[in-house]
Amino acid sequence: MKRKYLLITMLIAATVSFVGCFDKGTEDSHQVLDSIVLDNDAKATGSKNTKLDIEMIAKTEGISGTDNSWGSLINDKIIYYTIAPEEAGNTNLAFQNWYLDSVRVGDITDNKDKETGLNKISWQDKDFNGIVFQDYTNSREVRVVKDNKGYKFNSKGELEEIGVYEKFIEKYGEDNRQFISYVDGAIDLYGVGDDSNPKIVLLDIINNEMYEIDAYAFNDINKEVFNDIPDINDRKLVILGIEDNKIYVSLEAISTSTYMRDDSSIIGYIEGSKFTPILSSDMGIDVKVIGGAIYSNGKILFSGYAEDKNGIWNYDINTKKLAKQIDVSDESLFNFSLNPTKDKIIMTGGSYEEENTKFTMNLASINENLELSNLTSVVSSKNKSGIKSLAGWSDDGNEFYLYTSMQRYKDVIGPMETSYEVYKIK
Numbered sequence: 001m002k003r004k005y006l007l008i009t010m011l012i013a014a015t016v017s018f019v020g021c022f023d024k025g026t027e028d029s030h031q032v033l034d035s036i037v038l039d040n041d042a043k044a045t046g047s048k049n050t051k052l053d054i055e056m057i058a059k060t061e062g063i064s065g066t067d068n069s070w071g072s073l074i075n076d077k078i079i080y081y082t083i084a085p086e087e088a089g090n091t092n093l094a095f096q097n098w099y100l101d102s103v104r105v106g107d108i109t110d111n112k113d114k115e116t117g118l119n120k121i122s123w124q125d126k127d128f129n130g131i132v133f134q135d136y137t138n139s140r141e142v143r144v145v146k147d148n149k150g151y152k153f154n155s156k157g158e159l160e161e162i163g164v165y166e167k168f169i170e171k172y173g174e175d176n177r178q179f180i181s182y183v184d185g186a187i188d189l190y191g192v193g194d195d196s197n198p199k200i201v202l203l204d205i206i207n208n209e210m211y212e213i214d215a216y217a218f219n220d221i222n223k224e225v226f227n228d229i230p231d232i233n234d235r236k237l238v239i240l241g242i243e244d245n246k247i248y249v250s251l252e253a254i255s256t257s258t259y260m261r262d263d264s265s266i267i268g269y270i271e272g273s274k275f276t277p278i279l280s281s282d283m284g285i286d287v288k289v290i291g292g293a294i295y296s297n298g299k300i301l302f303s304g305y306a307e308d309k310n311g312i313w314n315y316d317i318n319t320k321k322l323a324k325q326i327d328v329s330d331e332s333l334f335n336f337s338l339n340p341t342k343d344k345i346i347m348t349g350g351s352y353e354e355e356n357t358k359f360t361m362n363l364a365s366i367n368e369n370l371e372l373s374n375l376t377s378v379v380s381s382k383n384k385s386g387i388k389s390l391a392g393w394s395d396d397g398n399e400f401y402l403y404t405s406m407q408r409y410k411d412v413i414g415p416m417e418t419s420y421e422v423y424k425i426k
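Numbered according to the numbering used here, the sequence shown spans residues 1 to 426.
Hints were generated in silico from the structure; no laboratory data involved.
It cannot be assumed that every hint is accurate.
[Stated by the list, open to error] In silico BS3-like pairs for lysine-lysine, Cα to Cα no more than 25 Å straight-line:
1) Lys156 to Lys171
2) Lys156 to Lys126
3) Lys152 to Lys112
4) Lys112 to Lys424
5) Lys274 to Lys309
6) Lys120 to Lys146
7) Lys112 to Lys321
Construct all of the structure, not just a fragment, from the sequences and the given hints.
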């Protein structure tokens with residue numbers, strides 16, 4: 001069987017990341033979306049003029065590492081690991097076996113450096129090992145495989161078993177070592193098989209369920225439903241969530257040069273071998289998802305165009321009601337991250353018009369109907385070396401962590417220095 005390392009690139013939309021977009025100029029304190037306001041139709045979402053009270057309670061010293069180092073902060077722990085290739089000198093991730101080489105777990109202390117005022121980190125070395133499976137779009141998201149079982153780093157800096165991986169490895173082995181993580185790490189997607197029988201395998205980490213989808217499952221169904229879309233199978237698949245064995249997805253036509261959506265998106269769900277559309281131009285609602293999208297409780301929240309207007313939108317599947325939550329300026333987009341208790345959301349934004357030189361991050365309250373309120377600016381600037389990105393949430397959802405990766409040498413791709421900030425929602 002031919003190994004399909006590149007299958008995943010044909011099936012899945014590349015995640016647009018604002019990490020590592022470096023500004024060679026001076027400080028840029030412009031907000032991406034200074035026109036953000038709650039839309040008139042969204043005023044009922046509550047206390048639109050009341051901002052959340054947040055405070056930065058810690059900022060760490062810079063963390064340095066080798067080219068093969070990544071850091072991940074979860075619940076006040078910094079998990080910093082290095083990986084090593086099976087064959088020295090071969091750094092092609094797609095065709096190389098990588099192994100966990102070393103792991104350090106750090107606690108952010110109250111002890112501050114007298115000169116810089118930055119919080120010091122207390123490190124502890126861990127004796128972990130195993131094969132590394134790595135997120136195709138986010139090198140910081142990894143799974144560790146050993147003894148035919150899969151693990152992830154938990155909030156305490158320990159390896160925690162992911163039950164569904166044993167079933168996946170038993171059936172497909174350890175050859176498929178690249179995945180894409182969706183829904184804040186709750187769903188892993190793998191492309192498996194060969195040219196004659198490509199498959200998409202979804203691992204529902206929360207519920208320990210494995211779903212196998214024929215990559216050509218849309219062929220006959222979509223010819224019946226979407227008569228005017230000949231390139232349906234060229235669209236990219238983005239996973240929004242899984243509920244009651246229904247896999248909610250967005251099919252997006254993405255320009256490889258700009259990552260903008262050239263044609264309307266199609267949002268629907270897969271159940272068994274059948275795809276059922278929810279939103280599409282053929283159904284009378286023209287939607288272009290250009291940022292993130294999430295599904296929960298019969299609702300869809302997405303960033304993009306609807307009714308030829310850009311914004312953050314809420315769609316109720318049962319009532320078929322589309323409501324704009326927030327006005328968004330043209331060519332700007334947001335990606336979303338829900339906290340573990342699902343009552344707060346971080347919205348990270350950028351603008352393609354400005355070639356990603358503008359950046360913003362906002363915190364908001366969110367309810368079970370995916371309605372937003374208490375919009376609060378967290379970050380609206382980009383520094384000389386990089387931009388701040390979300391590293392994760394505390395288990396109780398009341399703290400979130402940002403990191404900044406700073407390139408040491410201008411115009412040279414090389415080792416990075418990473419620092420973290422801890423914010424508390426009061």
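Do the hints match the structure? See the list:
1. Proximity of Lys156 to Lys171 is assessed by CA-CA distance (about 30 Å); at most 25 Å being required, the pair is judged violated.
2. Restraint check for Lys156 and Lys126: the C-alpha separation of about 12 Å stays at or below 25 Å, so the hint holds.
3. Taking the CA atoms of Lys152 and Lys112, the gap is about 31 Å. The hint is violated against a cut of 25 Å.
4. Straight-line distance between C-alpha atoms of Lys112 and Lys424 comes to about 18 Å, which keeps the hinted pair within the 25 Å bound.
5. Note on Lys274 and Lys309: the hinted pairing is violated, with a Cα-Cα distance of about 31 Å set against a maximum of 25 Å.
6. For the proposed pair Lys120 and Lys146, the alpha carbon gap of about 33 Å is over 25 Å, so the pair is violated.
7. The straight-line distance between the Cα atoms of Lys112 and Lys321 is roughly 52 Å, outside the 25 Å bound, and the hint therefore fails.
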